[in-house]
Each structure stands twice: as C-alpha cells, then as structure tokens.
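These protein sequences, in sequence, are chains X and R.
Using the working numbering, the first residue of the first sequence is number 176, and each one after it goes up by one.
Using the working numbering, the first residue of the second sequence is number 235, and each one after it goes up by one.
Be careful, since some hints might not be right.
Claimed, not checked - Calculated Cβ distances over 12 Å to all of chain R for the following chain X residues:
1. Val193
2. Met254
3. Gln257
4. Tyr259
5. Glu291
6. Arg344
7. His399
8. Ser485
9. Ser491
Stated by the list, open to error - With beta-carbon atoms standing in for the labels, derived distance ranges:
10. R:Pro469 / X:Asp377: 42 to 50 Å
11. R:Arg457 / X:Ser488: 41 to 49 Å
12. X:Gln294 / R:Gly455: 32 to 40 Å
Please keep in mind that the hints were generated in silico from the structure rather than gathered at the bench.
Ideal placement from N, C-alpha and C gives every residue a C-beta, glycine not left out.
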Amino acid sequence: MASIQLNNVSKTFGSQRVLAPTQLEIQNGEFFTVVGPSGSGKSTLLRLIAGLEVPSAGEILFDDERVDHKPAYSRNVGMVFQNYAIYPHMTIHQNMSFGLESQKLPKTQIHQKVKEIAQILEIDHLLTKRPGQLSGGQKQRVALGRALVRNPRVFLMDEPLSNLDTQLRERMRKEIRLLHETFHVTTVYVTHDQTEAMTMADRIGVVNGGEIQQIGTPEDIYQHPANIFVATFFGSPAMNIIPGRIVPFKETLAFAADHDPGKLSPLPADLAAYCRDHGLQRPLSLGFRPETASLQPNGASWDIPFTPTSIESLGSHYQIHGQWATHPISVTTTARTGPQRHKLLNLSVPWTDVHWFNEDSCLIDFTAPVGVRQEA
Amino acid sequence: MAQARSLPQSPAHRSPALPVESWRTRIKTSVLGYGLILPSLLVFLTFFYGPAIFLGYIAFFHWNIFSANSKFVGFANFITLFHQPIFWQSLLNTAYYVVVLVPVTALLALALALLLREGLNRGRGAISRAFIFLPHVTPVVATSIIWVWIFNPQFGLANTVLHFVHLPSLNWLESVHWALPSVMIYTLWHSVGLYTVLFLAGLASIPRSVIEAATTDGAKGWRMFKRIFWPMLGPITFFVIVLASINTMQTFSQIYTLTGGPHGGAGGPAFSTTTDSLLIYQTAFLYLHFSLASAMSIILFLLILILTLVQKWVADRYVFYR
C-alpha cells in the first residue's frame with residue numbers, strides 16, 4: 176500500500192498534448208476515481224501511474240519513492256483492464272499465480288494465497304477452468320483476483336465494468352467498494368460513468384481536455400462544481416445553464432438571459448449587494464439542477480417561464496423537458512401527476528440553489544468569506 | 235474469440251431460426267456459386283487434379299510415353315525403387331534438408347519478428363519489414379543464378395565474407411559436404427521473410443492489454459517470451475512449421491539451378507544434392523521412366539501427408555487455440 180503523488184506530470188505524444196502538467200495527491204488507502212469523457216486523458220493518467228507510459232515531464236512518487244523511471248514490471252501495481260486481459264492460454268489458477276511467481280514465492284504459499292483470494296471473490300470453484308469457459312462477470316472477478324493476490328502497492332482499474340451489463344455492473348460496483356474496505360489498497364479507478372464515480376469514490380478527479388478540472392468528494396463536486404463542465408458532467412439530466420448578464424432594475428439589479436433579454440429576474444438583496452460590490456456586469460451564466468426547480472411558487476426564488484414539450488415518467492419521478500422561450504430546460508419532479516405539455520408554467524428555483532459561473536465558466540463562490548471573495 | 239464461443243446457445247433455440255428458403259432461391263444461389271468457382275475449378279481440374287489422378291494410374295503400370303500399350307504391374311515400380319540406392323540417397327538428402335532447414339528457418343523468422351515487432355521500432359518498422367520480405371518476391375531461378383556467383387569459390391562474395399572473418403574458404407556448391415548446406419543458405423535467404431511476416435502477424439494478434447497485464451504482473455524478457463508470447467504464438471508456429479516442411483520437401487528450382495542448371499549435372503556433386511523432387515524430375519524427364527517417377531511422387535506425397543498428420547497430432551496436444 177502506498178500513497179501516490181504526481182508532481183507536474185505531463186504527457187505529450189509527438190506534438191499532441193494528452194495531459195497538461197498535473198498536480199495530484201492520492202492518500203494511502205484512498206479510493207480515488209478519475210472521471211471524464213473519452214479522450215480526456217484519464218487513461219493516460221492511469222497508465223503513467225502504472226508505468227505503461229513514461230511521463231514527458233514531472234515526477235511520480237509512491238510514498239516518498241520516485242518511480243517515474245521505474246519500468247512497470249518492478250512497480251508492483253495491480254491493474255485491471257476494461258477487456259479483462261486474462262491470459263487466455265492459462266487456467267484461472269495459473270492466471271492468478273503468474274504475478275506471484277515473478278515474486279519468486281514458494282509454491283505452497285502461492286497456492287494458499289490464490290485459494291484465499293479466490294474464496295473471497297467466490298471463484299474458487301473455477302480455478303481449474305480456462306478463461307474461455309467463463310462468463311464476463313467471472314472473468315472480471317478473475318482480473319480483480321489476479322491483481323489483488325499480489326498484494327500490490329496500488330490498485331489501478333481502467334473502466335473495469337464497462338463491458339458488463341447494467342445489473343451486473345451495479346452489483347460489481349458494490350463488490351469492488353466492499354473489496355476496497357476489506358483490503359484498503361490505494362485505488363485509482365478510471366471511468367467515464369459519472370454514477371460509478373459518484374457511488375464508489377472517496378474523492379473524484381474530473382478530467383477534461385487533458386486537464387484536471389476539479390478534485391473533491393462526490394458531494395463537493397455535485398454541490399459546488401468548479402466550472403460549467405463539471406456542473407453539466409455530473410447529474411442526469413444535466414444542470415440547466417443559462418447565459419446572460421446583470422442589469423440595473425429599479426433600485427436593485429436583475430438577471431437578463433441572453434435568449435430572452437426582455438424578461439428581467441430581480442436579484443435578492445444580498446446577491447445584488449455582492450454583484451454591486453464586485454461590479455458584476457459582465458456576461459455570466461446561471462445554473463440550476465433539474466431537481467431544485469419546483470412547479471409551485473416558492474418564496475425567494477427565481478421565476479422562469481417554462482413550456483414543457485416532453486414528459487418522461489420514470490415511475491418514482493418525472494423528467495420534464497421543455498423550453499424557456501428558445502432555451503432548453505430540464506426539470507425533475509416527484510409530483511403525483513405530471514404537468515400538461517405545451518402549456519406555459521411558472522418554474523421556481525430558490526436563489527440559494529443557483530450556481531453562478533463567470534465568463535470563463537468558472538464558479539463564482541459566494542460562500543467564501545468577505546475579503547477573499549473572488550471570482551474563483 | 236473465446237468470448238463469442240462461451241455465449242450460451244440453446245440448441246432448441248437455433249433450429250427454428252434456420253432461414254426458410256424456397257427451392258427456387260436455393261437453385262439460384264447454387265448456380266451463381268458454382269458459376270463463380272467454375273473458372274478456377276477448370277484450371278485446377280486440367281492442370282492439377284487431372285494429372286494427379288493420371289499419375290496414380292501410371293504408377294501401377296508399365297507406362298511409356300511413346301507406346302500405347304501400358305501393362306499393369308502392381309507394386310513392381312515401387313519394388314524397383316526400393317532396390318535403387320540412389321532412391322534411398324535422395325530420401326536421406328531430403329530428410330537432412332528438411333530436418334535442418336525447417337527449425338533454423340522457423341527460429342530465425344521468430345527472432346526477426348520479435349526484433350521487428352511494432353513498438354520496438356515504430357517508424358522504421360515498415361521499411362525493415364519490407365526489406366525482410368523482399369527476397370521472397372524475387373523469382374527463385376533468377377536469384378539462384380546470382381547466388382551461383384556468390385558461391386563461386388574463386389571470386390564469390392561468400393568466400394570474401396569468410397576471408398573477412400578469418401575463416402578458411404569453402405568450395406560451396408562444388409563440395410560434397412557443403413553443396414546441400416549452400417542450397418539451405420539460399421533457401422533460408424529466400425523464404426525467411428515470408429515466415430517472419432507470418433510471425434509478425436501472430437505477434438500483432440496478441441492483445442496489447444494482455445502484454446501490459448503481464449508487464450504489471452512483473453514479467454519481462456525471457457519469462458515474458460516463454461509464458462506469454464510463445465504459448466500465444468502456438469497456432470502460428472504450427473502453421474509456419476507445416477508450411478515450411480511442405481515447401482522444403484518440395485524444393486526443386488533452386489537445387490536445379492544452383493547445382494547444375496540447364497547444362498545438366500543437377501543434384502551433384504556425387505548426388506549430394508539429389509533430393510526426392512529433383513530425382514522425380516530427372517527420372518521422368520531425363521530418363522523418361524514416367525512410371526518410376528510417378529511411384530516416387532506417390533511416396534513423397536505419403537511422406538508429406540504423414541509428416542503433416544504427425545505435426546497436427548502434436549499441435550492438438552500442445553498448441554492452445556483462442
């Protein structure tokens with residue numbers, strides 16, 4: 176087990192930059208999830224830690240030992256691949272003992288260890304079989320077991336569940352988390368699935384375009400997204416983002432959306448004061464999550480004219496997609512009966528649930544103490 | 235791959251899924267199918283199956299190209315052969331040639347493929363692969379004539395190289411001991427590219443993630459080769475060995491050109507390069523004993539068949555198929 180530290184690690188292939196200089200610290204025993212769309216550089220990050228790629232610059236440390244120029248075979252990392260990458264010509268037992276043989280352990284000890292891990296993963300009845308005879312879920316367990324049995328310093332998983340069907344994926348999600356709580360091996364888990372990231376991780380690193388966008392706990396990332404990318408990447412349906420600007424309105428200030436500048440939404444006194452203090456009149460975007468909007472009028476809230484165009488019933492709740500003038504808006508509600516389509520409604524969003532993003536699409540942090548308040 | 239094979243398929247589910255075709259469409263498709271293979275079928279029948287069947291017939295007859303009266307003689311042709319020392323000599327030469335050349339070719343091809351593997355040699359890989367394959371696309375007779383000059387004891391390149399590394403010069407094609415090895419060297423040069431490319435294809439079919447998994451599992455160098463590459467190259471190795479065996483057992487053109495050429499005397503010196511296929515040619519077209527040559531061909535066919543069956547038997551036990 177080890178902590179992992181990346182100091183200004185970057186990677187370029189030829190002239191193409193796949194990972195910008197990255198600073199990252201993963202605690203010993205932590206379950207860290209790297210999430211991002213495909214091509215964002217998340218797999219490269221994992222492969223750099225594994226030693227399958229050499230960083231173009233920067234240093235990688237396990238505990239306090241530099242490993243960036245150590246080859247993969249001497250780093251003692253356990254890696255689980257998306258397509259399992261089980262050795263097809265070996266039995267399950269041979270698959271799991273392969274790494275231990277590299278460590279030159281005595282045979283009886285190897286057998287015992289393999290048996291032990293196989294029992295935990297409930298694959299001990301498969302040990303004499305060959306991978307061709309196994310189902311996808313069983314192969315995934317073998318891949319996990321093969322990495323775990325060596326007692327690796329860090330455990331790396333590259334989209335390990337994306338080849339499984341939905342039900343099995345949900346089950347394996349819980350089991351991997353449970354395994355982590357049993358063995359406490361430092362784990363870096365790469366996925367493009369925000370649900371996997373949210374449900375499994377102690378902390379999440381969101382990656383896009385070869386850059387880390389935000390690092391934080393799942394709650395942090397959902398409730399205080401650092402920028403519009405993170406805000407819209409997590410949550411389904413995605414957060415509604417409305418570009419606009421702050422304009423003077425009577426004695427106070429109001430928000431005017433770009434697509435409907437005629438409709439002015441007056442700001443409550445504290446927000447107006449903040450905007451006045453900081454001269455916030457430049458273009459900005461307001462965002463709100465679909466579940467924070469309600470169809471009933473609701474105290475100090477932002478009122479939005481909303482016309483539903485499609486209503487999806489998911490049993491426990493409705494997803495309503497519609498428009499504010501020309502701008503698409505999504506809302507979820509647990510009301511017993513859904514609203515009617517094509518009928519103008521008033522949508523209320525509490526001002527406390529509204530996220531403010533500046534013109535660089537970064538979060539404006541109103542919770543920061545006065546004096547250090549800045550456009551983040 | 236294995237994944238597809240392991241999918242559960244209930245046989246009860248399969249039978250009703252059979253497409254129900256009318257006899258009209260069935261006839262239409264078969265007419266089209268046979269029509270498409272007809273041209274190549276005609277060529278094969280005329281120049282391959284026809285002669286092969288005719289060969290099976292004359293091997294058991296006393297047959298002469300100039301007379302219409304052929305006489306059934308049973309196994310007499312075979313018995314005559316077994317009493318000819320030159321026949322046994324040719325079998326021995328063939329065995330020597332195959333037993334040495336096949337493993338050497340396969341090992342060298344494997345070594346070259348491992349060196350040329352993509353990833354080790356990204357940019358120049360394609361050029362190296364092209365150069366390795368190039369000799370194989372040259373005509374055997376033409377390059378053999380060049381190699382006659384290379385093997386020339388007085389001013390050939392081969393002896394120049396030996397001289398350069400301070401080794402005694404050889405008589406190459408003119409020596410009883412070195413003539414067949416000289417032919418082997420030429421054949422190795424001509425054919426190793428083909429087998430290298432086959433091995434490269436085999437290496438490319440090993441999933442990258444499997445190699446990476448083995449790397450993170452601590453494997454490298456010899457252990458990586460022995461436990462991952464070698465077993466996963468099993469099917470392609472089997473194919474290379476079978477193909478190389480068949481090709482070497484049938485070697486004719488380079489022996490004919492290197493050791494004698496059109497001026498005669500091929501197979502020498504002192505029959506040291508007379509292999510089975512060369513003897514078949516000479517018996518038939520030089521001495522005009524077509525029946526004897528046919529009997530020899532049948533023996534060569536049986537030998538290749540037995541060798542391939544043995545190789546298949548071995549492969550079924552030791553080769554892992556994905």
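Holds or violated: the 32 to 40 Å window for the beta-carbon distance between Gln294 of chain X and Gly455 of chain R? holds, 33 Å
Is it the case that Glu291 of chain X keeps its Cβ farther than 12 Å from each residue Cβ in chain R? For Glu291 of chain X, whose nearest Cβ neighbour in chain R is about 18 Å away, the distance exceeds 12 Å, so it holds.
Just tell me: holds or violated, for the beta carbon distance of Arg457 of chain R and Ser488 of chain X against 41 to 49 Å? violated, 58 Å
Reported absence of His399 of chain X from the contact zone with chain R (all CB gaps over 12 Å): holds, 36 Å
Measuring Cβ to Cβ, find out whether Ser485 of chain X lies farther than 12 Å from everything in chain R. It holds; Ser485 of chain X is separated from chain R by about 37 Å at its closest Cβ, greater than 12 Å.
Beyond 12 Å from chain R, beta-carbon-wise, is Arg344 of chain X? About 17 Å separates Arg344 of chain X from the closest Cβ of chain R, which puts it past 12 Å; holds.
Is it the case that Gln257 of chain X keeps its Cβ farther than 12 Å from each residue Cβ in chain R? Since the minimum Cβ distance to chain R is about 8 Å, Gln257 of chain X lies within 12 Å and the statement is violated.
In terms of Cβ atoms, is chain R entirely out of 12 Å range of Met254 of chain X? violated, 4 Å
Just want to verify: Tyr259 of chain X was marked as not at the interface with chain R; is every Cβ pair farther apart than 12 Å? Per Cβ check, Tyr259 of chain X is inside 12 Å of chain R; nearest 8 Å; violated.
12 Å Cβ clearance of Ser491 of chain X from chain R: holds, 33 Å
Tell me if the beta carbons of Pro469 of chain R and Asp377 of chain X are separated by a distance inside 42 to 50 Å. holds, 45 Å
May I ask you to check that Val193 of chain X keeps its beta-carbon over 12 Å from the closest beta-carbon of chain R? holds, 17 Å
Going down the numbered hints, you'll see the structure goes against 2, 3, 4, 11, while the others check out.
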